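Turn these sequences into a full structure, and let the hints steer you where they fit.
In the order they appear, the protein sequences are chains A and B.
With the first letter of the first sequence counted as 1, position 324 gets the number 1030 in this note's numbering; the numbers rise by one all the way through.
With the first letter of the second sequence counted as 1, position 104 gets the number 591 in this note's numbering; the numbers rise by one all the way through.
One should not assume that every hint holds.
[To be verified] Simulated coverage check for chain A against chain B, where a stretch passes if three residues somewhere in it have a Cβ under 8 Å from a Cβ of chain B:
hint	stretch
1	1185 to 1191
2	1233 to 1242
3	1255 to 1261
Derived by calculation from the structure, the hints in this document are not laboratory data.
None of these values were measured; they are calculated from a predicted model.
The beta-carbon is built from N, C-alpha and C at its ideal position, and this holds for glycine as well.
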Amino acid sequence: MKIIQLFGISAFASLAFLGSCKPKGTETAVSGDAAEKVYVAPGKYDEVYNFVSGGFNGQMNVYGLPSGRLLKVVPIFSVNPENGYGYSEETKPMLETSHGFIPWDDQHHLELSQTNGEQDGRWIFANANNTPRVARVNLKTFRTEEIIELPNSAGNHSSPFITENTEYVVAGTRFAVPTDDMNGDVPINSFKENFKGVISFIGVNKETGDMNLSFQIEAPGVNFDLSHAGKGKSHGWFFFSCYNSEQANTLLEVNASQNDKDFIMAVNWKKAEEYLKAGKGRKVKTQYAHNKFDESTQTATSKMEQEVTVLSAKELKDICYFMPTPKSPHGCDVDPTGEYIVGSGKLAALIPVHSFTKMLKAIENKEFAGEYDGIPILKYESTLYGEVQKPGLGPLHTEFDGKGNAYTSFFVSSEVVKWDIKTLKVLDRQPTFYSVGHLMVVGGDTKKPYGKYLVAYNKITKDRFLPTGPELTQSAQLYDISGDKMKLLLDFPTFGEPHYAQAVPASLIKDNQVKFYNIADNKHPYATKGEAESKVVRQGNKVHVYMTSIRSHFAPDNIEGIKVGDEVYFHVTNLEQDWDVPHGFAIKGNQNAELLIMPGETCTLKWVPKKPGMWPMYCTDFCSALHQEMQGYVRVSPAGSNVPLTYSLNNKADNAKSPVKTAVTK
Amino acid sequence: MKNLKFLVLPMMAFAMVSCGNDKPADASASTSSTETSAATTETSASSESGQYDPKRGLGKYDESNVDVSKFDAAMAAEGKKVAEVKCASCHKPTEEKLVGPGWKGVTTRQTPHWILNFISNPDPMINVDPELQKQLEICLVRMPNQGLNDTEARQVLEYMREIDGAK
Ligand SMILES: [Cu+2]
Chain A
707 MKIIQLFGIS
717 AFASLAFLGS
727 CKPKGTETAV
737 SGDAAEKVYV
747 APGKYDEVYN
757 FVSGGFNGQM
767 NVYGLPSGRL
777 LKVVPIFSVN
787 PENGYGYSEE
797 TKPMLETSHG
807 FIPWDDQHHL
817 ELSQTNGEQD
827 GRWIFANANN
837 TPRVARVNLK
847 TFRTEEIIEL
857 PNSAGNHSSP
867 FITENTEYVV
877 AGTRFAVPTD
887 DMNGDVPINS
897 FKENFKGVIS
907 FIGVNKETGD
917 MNLSFQIEAP
927 GVNFDLSHAG
937 KGKSHGWFFF
947 SCYNSEQANT
957 LLEVNASQND
967 KDFIMAVNWK
977 KAEEYLKAGK
987 GRKVKTQYAH
997 NKFDESTQTA
1007 TSKMEQEVTV
1017 LSAKELKDIC
1027 YFMPTPKSPH
1037 GCDVDPTGEY
1047 IVGSGKLAAL
1057 IPVHSFTKML
1067 KAIENKEFAG
1077 EYDGIPILKY
1087 ESTLYGEVQK
1097 PGLGPLHTEF
1107 DGKGNAYTSF
1117 FVSSEVVKWD
1127 IKTLKVLDRQ
1137 PTFYSVGHLM
1147 VVGGDTKKPY
1157 GKYLVAYNKI
1167 TKDRFLPTGP
1177 ELTQSAQLYD
1187 ISGDKMKLLL
1197 DFPTFGEPHY
1207 AQAVPASLIK
1217 DNQVKFYNIA
1227 DNKHPYATKG
1237 EAESKVVRQG
1247 NKVHVYMTSI
1257 RSHFAPDNIE
1267 GIKVGDEVYF
1277 HVTNLEQDWD
1287 VPHGFAIKGN
1297 QNAELLIMPG
1307 ETCTLKWVPK
1317 KPGMWPMYCT
1327 DFCSALHQEM
1337 QGYVRVSPAG
1347 SNVPLTYSLN
1357 NKADNAKSPV
1367 KTAVTK
Chain B
488 MKNLKFLVLP
498 MMAFAMVSCG
508 NDKPADASAS
518 TSSTETSAAT
528 TETSASSESG
538 QYDPKRGLGK
548 YDESNVDVSK
558 FDAAMAAEGK
568 KVAEVKCASC
578 HKPTEEKLVG
588 PGWKGVTTRQ
598 TPHWILNFIS
608 NPDPMINVDP
618 ELQKQLEICL
628 VRMPNQGLND
638 TEARQVLEYM
648 REIDGAK
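Right, dumping it as structure tokens:
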């Protein structure tokens, strides 16, 4: 009670102080040359790729900066009718889980791969918050190549954060839950004894990017929130913010805010690796899906893994330490030198900064304040470098510009605050419209930030854009941070609810783009390499159509003899070998989706006709002046009828060279 | 009259070429950036001298780097395979027009270098070649760049020569 009252007073004081510097309109916030600074002339490229989480739409959205132009929507955890992701037979396995096919998720954070603590532009990792998963997107193709499910977890929030050579992607559970080999059918009030907070370490293959769940650490049942790896001198360590050290299980906004301080958990992952090698882990029987997209067969496969090795933080005393951090810490950010670990207490009116050097010393000198569920708690004063006093209200996330400055977002006071890491003095503050969540500086969580631009991702946008009914767009705000004062340059709408984002200079990614798939390398089992190979094959009630598309026709473009009760698989190969010439494929009444087939690629659409008739199919992507002519028919007859299965292309009566062909029956 | 014609043609070529050069993004968008930039350089070179050579076309192939003195049956056989994957959807080996013109007779109408340049990187030539402009008015589909490499282009040429009776 006393704490709440105290907090209330300081909140009021800060608000009053901040209120004065919040402008009434954009007139005062935007300077005259802002438009010039974000103008990217037609034919010119943006300077930076900005990868923005799609929140509850499950996708990743790619924007150009400084223009704020949307370049691409990459489906990761949600089906996408635009290109058939999650609908086509090839991509359905990507969304398999131990619970079966899950067509959506809540995508929160993104992390670009790094080498030596610097961005290397190879892959970007994404988390699914609801059904815990981590995905890898290849930045040569902007396609999701791999998704791995996480056992013993629920609410995969503190992920995916990576070590400085992408050795590991980590994922800390938001919900403490009984582990998968325990009986989960337990009373909720047995929380303290039965619930655990498990952290996953996913190994990443240096060459291929392939992921595997290397090990997990079983920690006390708290809620892990966010995370960042150590870098440079703190390489080998990982830091996780957590809340609900009260281990409450109801009305958390009150009951999980009792303690003056929660924790940042420091994990010595090099030490954990040693214990793993020494066989100190417990093999936990579980099930989790591991899905991979193979570029050569253009097909995903889903494998169910059966076991994971879990290390106990309670038993192995020197892998985890708790650093007390006020108050319900959210962001947990490591500066470019790796020395400073910035915690952001959502409910705190200050920003605590821990020192890695002091932390090591405190561990060495056993400066413990006690134990929490078997984990040593370091003394607050022993690890604390200092506190930024009165920075604003509701600090959430901090990023860095590589010039000794930190930038923290404040949800409650709706602003971005720039402060000096060494002196902990506030240097500048700029309002956001409205309630900012995450923010991002280009390369801001690496050893060498690119700096220059900061983007704030706002949760609420009343008054900012043309209204669209009760639901308004989410938004991002671009700031120029190259000078002493931050300058607001641009507002632009975003999808879903944007969370953490990443950005990288375009030069690191732009020139590596795959422009088409070489048809000679197409190893899809149902590929049709050339029209001469196109055919229709019946196997019982399954009909496989080996179809090709090119500007501006399908082969075959007429099929007869399909019967109600058949399962028809259209395996469409796009014969084009040129950049930016996908073809679409759609058929009337299909309950699935459409396809969008890249040049040189094969995609499969399953179609189960329900009634007899003539069913048109066509290309959905305007591909040439004769795109409208790119169409055909499928004739469906009643079940049991004896219409022969035939197919044709160009079967004019006066053209004996292209006869109607009879389909093969196997 | 003769002089006038001489003057008009290069000017036309210049106009079209410079139009192409105004689109750097488009140029780098083509299949192979090295090939395209080579073609672009040649394009501007020929525009400076004010000439598009309708016998050679635009591109890297000419007498100096392609020897077509002897017909190669083995290459023609390979070329047929390439064509079946990449070309047969639109072209027949007969005179019959499909999406594009039939191939029969093409080696009698165009030089080997013109054919090689065109089939390996069609876009820049479609923009400037008078014959191709006429063809486009009939077919209405720009020939897609099918990503033929040097060997494949050469093999397809031999296949075309075979169709026209080369032995
Ligand atoms: Cu099409």
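Q: Please name the hints from earlier in the document that this structure breaks, with their numbers sorted from lowest to highest.
A: 1
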